[in-house]
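Trainee: The primary structure of each chain is shown beneath.
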Amino acid sequence: MAVTQQRWDEDEHLLDDLRDALREAAPLAGTLAEHGKGAYAWRTVDADLLLASLSFDSSLERVQERRSDPDDDRVLVFTASPLSLELEVTPGHVAGQIVPPGPGEIRVETAEGVTFHVQADDVGFFDLPGQLRGLVRLRCDTPTGRLVTDWVRL
Amino acid sequence: MDEGDYPITWLVDAAAAGNEQAWQEIVDRYTPLLTSVIRRFRLSVAETQDVAQTVWLRLVEHLSSLREPRALPTWIITTSKRESLRYLSDRRRSVPYDPLDPSWLARSSEDADPGAELLRAERHEALLAGLAELPSRQRELLLLLVEEPPLSYAQISKRTGVPVGSIGPTRGRALARLRETFAFREHLAGPARVSVVADGANGAHPATRIQRKRGDGRDAATLG
Chain A
1 MAVTQQRWDE DEHLLDDLRD ALREAAPLAG TLAEHGKGAY AWRTVDADLL
51 LASLSFDSSL ERVQERRSDP DDDRVLVFTA SPLSLELEVT PGHVAGQIVP
101 PGPGEIRVET AEGVTFHVQA DDVGFFDLPG QLRGLVRLRC DTPTGRLVTD
151 WVRL
Chain B
1 MDEGDYPITW LVDAAAAGNE QAWQEIVDRY TPLLTSVIRR FRLSVAETQD
51 VAQTVWLRLV EHLSSLREPR ALPTWIITTS KRESLRYLSD RRRSVPYDPL
101 DPSWLARSSE DADPGAELLR AERHEALLAG LAELPSRQRE LLLLLVEEPP
151 LSYAQISKRT GVPVGSIGPT RGRALARLRE TFAFREHLAG PARVSVVADG
201 ANGAHPATRI QRKRGDGRDA ATLG
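Residue numbers (this note's numbering), protein chains in the order written: chain A, 1 to 154; chain B, 1 to 224.
The set of hints was computed from the structure by calculation and includes no laboratory data.
Ideal Cβ placement from N, Cα and C applies to all residues, glycine included.
Some clues are possibly wrong.
Which residues of chain B face chain A? A partial, calculated answer using Cβ under 7 Å [claimed, not checked]:
1) Thr35
2) Leu127
3) Leu128
4) Ala154
5) Leu175
DEER-style ranges, computed between Cβ atoms [unchecked claim]:
6) A:Gln6 - B:Pro149: 25 to 33 Å
7) A:His13 - B:Asn19: 19 to 27 Å
8) A:Thr44 - B:Gln155: 42 to 50 Å
9) A:Gln131 - B:Pro150: 44 to 52 Å
10) A:Pro103 - B:Trp10: 36 to 44 Å
11) B:Ala17 - A:Asp141: 18 to 26 Å
12) B:Gly165 - A:Asp48: 51 to 59 Å
13) A:Pro101 - B:Trp10: 41 to 49 Å
14) A:Asp141 - B:Pro114: 43 to 51 Å
15) A:Asp16 - B:Pro114: 35 to 43 Å
16) B:Gln155 - A:Asp72: 54 to 62 Å
17) A:Pro100 - B:Thr160: 52 to 60 Å
Work the whole structure out from these sequences, hints included.
Mentor: So, in structure tokens, the structure goes:
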């Protein structure tokens, strides 16, 4: 980094590099900032709601292992404590489970503003419409607690 | 927000507590960094917008966990990379780039050396994360100074209200401040540490797959 440091000691070089860095971002930045500002409307205001972060996504693992098998199901794990949620996405089917296993109600929200409910059975299994795609998050209401998952693109 | 001199930690705390103006300021400051990271993955314009939307929506809920000044840019960089990679891995989206997007032509010559490209990308991340830390006035001045085609000092003076004779010294102070930002110091202190693929803290593989016992004979696909 010594070379960079020396280069950035010069005002003109630093400005040149800044210009270079901004050049690629500039054409899209306006649109993306607009979307970003709109995202705040989705903020959940609920202190008791657990945020279950996307802690595992098998489609990333595929990239890391330099493997590409389109037949693989996609497995997603959203982790919070004491409640987590797993999803398995296959071409015609989306299934999920509440962990630890137990009954609950699942509410699906899409970024387009559609929401709907499904019921998880006594061991926490639930099915979602197979053609569910796009940016979604799940809310889960159980006797143990309530959670909302990270937004994820299916 | 008139002074624009709020530190990042204050903005993050305020946005987490419900201050929408603070959120908007965060978005304005960090959009160049977010965009730059995603663009590196050669996604189309539509895919870039998809990834950015995912990152912003997710960030809204993660604000309260990002208390350190450097936590926000790190989170943005890591999450954008992961989501971009996910797009790349998705075989269903097989169109590699948008032929109507002119920036592809401009960048095609840079593909030759991935190592140099990575270093360049990390420099850009440091520059844009550093820029985000600056007070609004300094940030806006620097943005005007690097605009293309270049603006004259008279034009910049008209837009900012800074007298022509003060632009030079103000520019000097803004650049000096940029060199003092967390992002800069961190970048200059260490060797390249971000490996695009190894960086993903993708958790352990879940022990079990979801195996539903389908006793009811119901076809889930019909639910849709």
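Trainee: Does each hint hold? Answer for all of them.
Mentor: Status of each hint after checking the structure:
With a cut of 7 Å, the hint placing threonine 35 of chain B at the interface with chain A holds, because the nearest CB-to-CB distance is about 4 Å. Hint status for leucine 127 of chain B relative to chain A: holds, with the closest Cβ pair at about 4 Å, below 7 Å. The interface hint given for leucine 128 of chain B holds, since its Cβ lies 5 Å from the closest Cβ of chain A, which is under the 7 Å cut-off. Violation of the interface hint for alanine 154 of chain B is found here, the shortest Cβ-Cβ separation to chain A being roughly 18 Å, above the 7 Å cut-off.
At a threshold of 7 Å, the smallest CB-CB gap from leucine 175 of chain B to chain A is about 5 Å, leaving the interface hint in force. Between glutamine 6 of chain A and proline 149 of chain B the C-beta distance comes to about 29 Å, which sits within the given range of 25 to 33 Å. Against the hinted window of 19 to 27 Å, the Cβ-Cβ separation of histidine 13 of chain A and asparagine 19 of chain B comes to about 37 Å, which falls outside the hint. Distance hint check: the CB atoms of threonine 44 of chain A and glutamine 155 of chain B are about 44 Å apart, consistent with the given range 42 to 50 Å.
Judged by the Cβ atoms, the range 44 to 52 Å given for glutamine 131 of chain A and proline 150 of chain B holds: they are separated by roughly 51 Å. Restraint check, proline 103 of chain A to tryptophan 10 of chain B: a C-beta distance of roughly 43 Å satisfies the suggested window 36 to 44 Å. At about 25 Å, the CB distance of alanine 17 of chain B to aspartate 141 of chain A agrees with the hint of 18 to 26 Å. Taking 51 to 59 Å as the suggested C-beta distance range, the pair glycine 165 of chain B and aspartate 48 of chain A conforms, at roughly 58 Å.
For the pair proline 101 of chain A and tryptophan 10 of chain B, the beta carbons lie near 43 Å from each other, so the given range of 41 to 49 Å is met. The hinted window of 43 to 51 Å between aspartate 141 of chain A and proline 114 of chain B holds, with their beta carbons roughly 47 Å apart. A beta carbon spacing of about 23 Å between aspartate 16 of chain A and proline 114 of chain B contradicts the range 35 to 43 Å that was offered as a hint. Between glutamine 155 of chain B and aspartate 72 of chain A the CB atoms are about 55 Å apart, so this pair conforms to the stated range of 54 to 62 Å.
Separation of proline 100 of chain A from threonine 160 of chain B is about 58 Å and conforms to the stated range, judged on CB atoms against 52 to 60 Å.
In the structure shown, a violation is registered for the earlier hints numbered 4, 7 and 15, in ascending order.
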